[in-house]
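If you want the building blocks of each chain, they are given just below.
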Amino acid sequence: MAISLKLNGETHTVEAEPGTPLLWVIRDELKLTGTKFGCGVASCGACTVHMDGEPVRSCQTYIEDVEGTEITTIEKMEEDKVGAAVQQAWRELDVVQCGYCQSGQIMSAVGLLRENATPTAEEVDEYMYGNACRCATYQRIRAGVLRASEILEA
Amino acid sequence: MTATLSRRGFLKSAAAATAVLYVGATADGVAAASGSADAMLNPFVKIDSNGNVIAIIKHFEKGQGPATGLSTLIAEELGVTMDQIGYEFAPSDPQVYNNLFFGPFQGTGGSTAMANSWMQYRTAGANAREMLIKAAAQAWGVDPAGLDLQEGMIIGAGNSAPLGEFVAAAAGIAPSETPRLRDASEWKIIGNEATRRLDSPIKVNGQAKFAMDVHLPNQMVVMIKRTPQRGGLVASFDDSAAKEVKGFIMAMPLPTNHGVAVYAENTWAAMQARAAIEVDWDMSAAEARSSAEIRDEVMAALEAAPVYNVNKADRAGISAAVDDAVTVVERTFYFPLLAHAPMEPLNCTIEQTAEGDIVLHDGAQMPTGPHMAYQQIFQLPPEKIHIKTMLAGGSFGRRATPDADYQVEAGLAFVMTDRSRPVKLVWDREDDIRGGYYRPAAGHKVRIGLDGDGNIAAWEHQVAGQSIMKGTAFEAMAVQDGIDHSTVEGLADNPYAIPNMAVGLTDTEKATSVLWWRSVGHTHTAYVMEVMMDLAAKAAGRDPVEFRLAYLTGSKDAERKAGVLKLAAEKGNWGNPAAGHVQGIAVHKSFGSFVAEVVEVSGTPEDGIQIEKVTAAVDCGIAVNPDVIRAQTEGAIGYGIGHAMRDQITLDGGAVEQSNFPDYEPLRISDIKAIETHIVASAEAPTGIGEPGTPPSAPALANAIAQLDVQVAELPMSENGVSFV
Chain L
1 MAISLKLNGE
11 THTVEAEPGT
21 PLLWVIRDEL
31 KLTGTKFGCG
41 VASCGACTVH
51 MDGEPVRSCQ
61 TYIEDVEGTE
71 ITTIEKMEED
81 KVGAAVQQAW
91 RELDVVQCGY
101 CQSGQIMSAV
111 GLLRENATPT
121 AEEVDEYMYG
131 NACRCATYQR
141 IRAGVLRASE
151 ILEA
Chain V
155 MTATLSRRGF
165 LKSAAAATAV
175 LYVGATADGV
185 AAASGSADAM
195 LNPFVKIDSN
205 GNVIAIIKHF
215 EKGQGPATGL
225 STLIAEELGV
235 TMDQIGYEFA
245 PSDPQVYNNL
255 FFGPFQGTGG
265 STAMANSWMQ
275 YRTAGANARE
285 MLIKAAAQAW
295 GVDPAGLDLQ
305 EGMIIGAGNS
315 APLGEFVAAA
325 AGIAPSETPR
335 LRDASEWKII
345 GNEATRRLDS
355 PIKVNGQAKF
365 AMDVHLPNQM
375 VVMIKRTPQR
385 GGLVASFDDS
395 AAKEVKGFIM
405 AMPLPTNHGV
415 AVYAENTWAA
425 MQARAAIEVD
435 WDMSAAEARS
445 SAEIRDEVMA
455 ALEAAPVYNV
465 NKADRAGISA
475 AVDDAVTVVE
485 RTFYFPLLAH
495 APMEPLNCTI
505 EQTAEGDIVL
515 HDGAQMPTGP
525 HMAYQQIFQL
535 PPEKIHIKTM
545 LAGGSFGRRA
555 TPDADYQVEA
565 GLAFVMTDRS
575 RPVKLVWDRE
585 DDIRGGYYRP
595 AAGHKVRIGL
605 DGDGNIAAWE
615 HQVAGQSIMK
625 GTAFEAMAVQ
635 DGIDHSTVEG
645 LADNPYAIPN
655 MAVGLTDTEK
665 ATSVLWWRSV
675 GHTHTAYVME
685 VMMDLAAKAA
695 GRDPVEFRLA
705 YLTGSKDAER
715 KAGVLKLAAE
725 KGNWGNPAAG
735 HVQGIAVHKS
745 FGSFVAEVVE
755 VSGTPEDGIQ
765 IEKVTAAVDC
775 GIAVNPDVIR
785 AQTEGAIGYG
795 IGHAMRDQIT
805 LDGGAVEQSN
815 FPDYEPLRIS
825 DIKAIETHIV
835 ASAEAPTGIG
845 EPGTPPSAPA
855 LANAIAQLDV
865 QVAELPMSEN
875 GVSFV
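Here the protein sequences line up with chains L and V, keeping their order.
Taking this note's numbering, the leading residue of the first sequence gets 1, the next gets one more, and so forth.
Taking this note's numbering, the leading residue of the second sequence gets 155, the next gets one more, and so forth.
Don't read these hints as lab results, they were simulated from the structure.
Where hints are given, some of them may not hold.
[Said to hold, decoys possible] Keeping only pairs whose Cα atoms sit at most 25 Å apart, straight-line, the calculated DSS-like set for lysine-lysine is:
#, chain 1, residue 1, chain 2, residue 2
1, L, Lys-76, L, Lys-31
2, L, Lys-31, V, Lys-288
3, V, Lys-710, V, Lys-767
4, V, Lys-363, V, Lys-288
5, V, Lys-692, V, Lys-767
6, V, Lys-710, V, Lys-725
7, V, Lys-466, V, Lys-710
8, V, Lys-710, L, Lys-76
9, V, Lys-400, L, Lys-6
10, V, Lys-664, V, Lys-599
11, V, Lys-599, V, Lys-363
12, V, Lys-599, V, Lys-720
13, L, Lys-31, V, Lys-710
14, L, Lys-31, L, Lys-6
15, L, Lys-31, V, Lys-542
[Said to hold, decoys possible] Here are some chain L residues the structure puts well away from chain V; computed CB gaps all over 12 Å:
#, residue
16, Glu-15
17, Ser-43
18, Glu-54
19, Asp-65
20, Gly-68
21, Ala-89
22, Ser-103
23, Arg-134
Glycine included, each C-beta is placed from N, C-alpha and C at the ideal position.
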C-alpha cells in the first residue's frame with residue numbers, strides 16, 4: 001500500500017505493507033541510515049526517532065501508524081536547538097566509541113532535555129535506561145546530557 | 155616485535171610504493187573535490203597538492219580508536235594539526251598492511267593496533283616530512299637541515315610554504331633509510347589531553363557509514379534460516395508461505411547445508427520470508443548437549459590429573475607442599491559461555507564488478523581471513539578480490555573468526571546466484587546471540603598453602619576449558635606442546651612472584667564454537683587469580699593491597715603492576731569507603747598493559763548491590779591519546795562488569811536458550827554510577843588498551859561483594875547469590 005510519510009519536514013510516498021516497521025522504511029526505502037537496527041524488539045534504543053517530537057522505537061512503530069505524524073531522525077538534529085546542543089556536548093566529551101548506538105542515544109537525550117531542561121544525573125539514568133551501549137559509554141552519555149543542559153541554559 | 159624490525163619492514167614497503175602517483179578522484183572525496191593529484195608518499199600517508207593529508211589506517215575502527223590514534227602518529231611526525239588530517243581505511247593487503255605482530259596477516263586483535271603501529275606510523279610520518287622538506291629545500295636552494303614542517307607549513311631559511319606545494323616533487327624523492335623521529339620533547343599531539351576523536355563528528359549526526367549502512371544499487375538482502383543446534387543440516391524445506399511475502403525472491407540451502415539462504419528485496423522482506431520458511435532438520439550429527447553437561451565435564455576434568463603441565467612444575471611436590479601448609483585456601487570456579495553481542499549485528503555486502511572482481515564491504519577485523527576464503531569460493535587470484543573496510547559497530551572479538559564465518563556465509567550466498575545483483579548478508583540479534591563463537595566455558599580449581607607467617611608457600615592451580623585455538627588456522631601459531639596459551643594466559647606468566655606455583659590444563663570438548671572475547675583467557679584467569687589473592691590475604695589476616703605488593707617485586711613487570719595497584723588504591727581511597735559502602739580491588743597485566751581497579755559498592759547481595767564507583771589506574775606505556783585510553787578503560791570495565799553481573803549463554807539439548815537483549819541483558823546506564831581513570835606517566839612504548847581494563851573489573855567487584863560475606867565463584871553473579879539494584 002502507498003503511505004504518505006512526513007519525515008524531516010518532507011513528505012514522502014512509500015510503498016510498504018501494513019506491519020512494516022518504520023525503521024525499515026527509513027533505512028531501506030528512504031536510505032537514511034543514521035537510524036540503526038540493533039535488536040528489533042525495542043530493547044536497545046538504537047532505532048530511536050522522534051514522532052511529533054517524542055522519542056519512539058522505530059523498530060516497534062508500524063508504518064500504518066505514522067500517517068499524519070511528523071517523524072524526525074538524527075539527520076535533522078543539527079537544525080534543532082536541543083539536538084545541536086547535545087551533538088556539541090557529545091563532540092566535546094568524545095562520548096562515542098563504535099558509535100552505532102549513538103544516534104539513538106542522542107534522540108533519547110533530546111527527548112529528555114525537551115521534557116526536563118535541567119535533569120539530575122539520576123534522572124538521566126532513569127530516562128536513558130532503555131538505550132543500550134555495548135561499548136559502555138554510559139558515563140560520558142550521562143555527562144553529555146548534563147553538559148548539553150548547561151549549553152542550553154547558558 | 156622490535157622497533158628495528160618494524161622500521162625495516164616499513165622501509166621496504168615504502169620504497170615499493172613511493173613511485174605511485176594517483177591522479178583524480180579518491181574514495182574519501184577530499185581529493186576528488188580538489189581535482190588535484192595525490193601523492194602516495196608511502197603506504198600510510200597520502201597528501202594532495204592542496205595539502206589534504208590522509209592517514210591510511212591498517213586497523214579497523216570498532217570504537218577502540220585507531221583511526222584517531224594512527225592519525226595522531228602521522229600528524230605528529232609529519233607536522234600537521236589534527237584538524238589538518240583525515241583518514242581512510244587501508245585496502246586488504248597482507249604484505250603492506252599486516253599487523254606486525256601477526257606475520258603476513260592483516261588484522262586487529264589482542265589490543266595490538268597502537269603497539270604494532272607505533273614505530274611504523276611514526277616512521278611513515280617522519281619520512282613524508284623529510285621528503286617534503288627535501289623537495290622544498292631543492293626548490294629554494296637551501297639546506298634541508300634548516301627546515302621544519304609545522305602545522306602544515308614548511309618553514310625555515312627565510313621561506314615558508316604550505317606542504318601541498320611540494321607534494322608532486324616529494325613523490326619523486328626516495329624515502330630516507332633513517333628518518334629523524336621527533337623527540338618526545340617536541341610532541342604536541344601525542345599525549346595531548348585536548349585531542350578529540352576524528353570520528354566523533356560523523357558519529358553524532360548520522361553520517362557515519364557502518365557496513366550495515368551499505369546500500370548498493372539493485373542489492374538483495376540475504377538472511378540465513380539457521381539450524382537451532384550446531385551441526386544440524388537441512389533435510390528439506392518448504393518456502394511456499396514465504397512466497398506470499400512481498401519482496402521475497404528465492405530460498406536456497408547453503409552448499410554446506412547448514413542453513414537456508416533467503417533472498418529478498420529488502421531487510422524486512424527477508425526477515426518475514428525467513429520466518430515463513432519451514433525447515434526439516436537432520437539433527438543426527440547435531441550437538442545435543444546442555445549447559446549442565448558442559449559444566450559437569452569441566453568440573454570432572456578439574457578433579458582428575460591435568461593433561462598438560464603448563465609451567466613444567468613439580469606438581470606432586472607442590473601439591474604435597476599445599477597439603478603440608480599451615481593454612482590451605484581452596485576454591486573451584488566456573489565461567490559460562492558468553493556472547494560478544496556487538497551493537498551492530500554481523501553483516502557484510504558483496505558484489506562483482508564488470509571486470510569480474512569481487513568486492514566485499516565489511517567492518518573487517520581480519521581482512522586477510524575473508525580475502526583467503528574468497529580465493530577458494532570464487533576461484534580467483536588475490537588481486538581480483540577487494541575488501542572495503544567500513545566502520546564497525548563494535549566487535550569485542552566477534553568480527554574476527556578464524557574461519558571468516560559470516561563473510562564465508564555471504565560468499566556462499568553470492569556464489570549461488572548469477573552475481574548480477576549484490577548480496578547484503580544481514581544477521582539479526584537472534585542470529586547473533588544464538589550464532590556461536592562464544593567465550594569458552596572454563597573452570598579453575600586452586601589450592602593455596604600459606605605458611606605460619608601468612609605467606610604463600612605453594613599454589614596449585616588447575617584449569618579445564620574449551621580451547622579457542624585448537625582446530626583453527628591459528629593452532630600452529632598459538633598452541634605449543636598441546637597447550638593453548640589463550641586458556642591459561644595470566645596465570646603462570648603473571649608478574650606476581652609466587653613461589654612453588656603449578657599450573658595444569660585439561661581441554662574439554664567444544665559443545666559449541668568458541669572464540670576470543672574481549673581480553674580472551676584473562677576474562678577468567680584474572681578473576682581467579684585476583685579472587686584467590688584476596689582470599690589468601692584474608693586467611694593471612696593481611697590487607698589485600700599490602701599482601702599483593704609483597705609479591706610484586708623483582709621484575710620490571712612486577713614494579714609496573716605494583717605502580718598501578720598503588721595508584722588505584724590511592725585515588726580510589728582504598729580502605730576508606732563512603733559510609734555504607736564496601737570496596738574490592740584487583741590488578742592484572744594483559745596485552746602488555748597493567749590495570750588496577752577499585753570497585754566501591756553499596757547495598758547488600760540480598761536486597762541489591764549498587765556499583766557506586768570504579769577507580770582505575772592504567773599503565774599502557776606512552777599515552778598517545780589519553781582521553782581514548784580513559785574511554786577504553788571505562789568501556790572495558792563496563793563490558794567486564796556487565797557480563798559478570800548477569801550474562802551467560804546456556805544450551806538446552808544443544809540449542810541456545812537466550813535470543814536477544816531481554817534475556818542477554820546488556821549493562822545499562824544506571825548499573826555503574828561513576829568511573830574514574832588515572833594514567834601512569836610512562837616513557838615505555840605504547841601497549842594495548844582495548845582489552846586490559848576488562849580483566850580486573852569482575853574480580854574487583856567480586857572482592858567488594860565478598861566483604862558482604864558472599865563469595866562468588868561461579869558467574870554470572872545474578873545466578874549465584876547476588877542481586878543488583
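Here is how each hint holds up against the structure:
no.	hint	verdict
1	Lys-76/L <-> Lys-31/L	14 Å, holds
2	Lys-31/L <-> Lys-288/V	48 Å, violated
3	Lys-710/V <-> Lys-767/V	30 Å, violated
4	Lys-363/V <-> Lys-288/V	38 Å, violated
5	Lys-692/V <-> Lys-767/V	23 Å, holds
6	Lys-710/V <-> Lys-725/V	22 Å, holds
7	Lys-466/V <-> Lys-710/V	23 Å, holds
8	Lys-710/V <-> Lys-76/L	53 Å, violated
9	Lys-400/V <-> Lys-6/L	24 Å, holds
10	Lys-664/V <-> Lys-599/V	20 Å, holds
11	Lys-599/V <-> Lys-363/V	46 Å, violated
12	Lys-599/V <-> Lys-720/V	29 Å, violated
13	Lys-31/L <-> Lys-710/V	54 Å, violated
14	Lys-31/L <-> Lys-6/L	15 Å, holds
15	Lys-31/L <-> Lys-542/V	20 Å, holds
16	Glu-15	9 Å, violated
17	Ser-43	4 Å, violated
18	Glu-54	19 Å, holds
19	Asp-65	15 Å, holds
20	Gly-68	22 Å, holds
21	Ala-89	9 Å, violated
22	Ser-103	5 Å, violated
23	Arg-134	5 Å, violated
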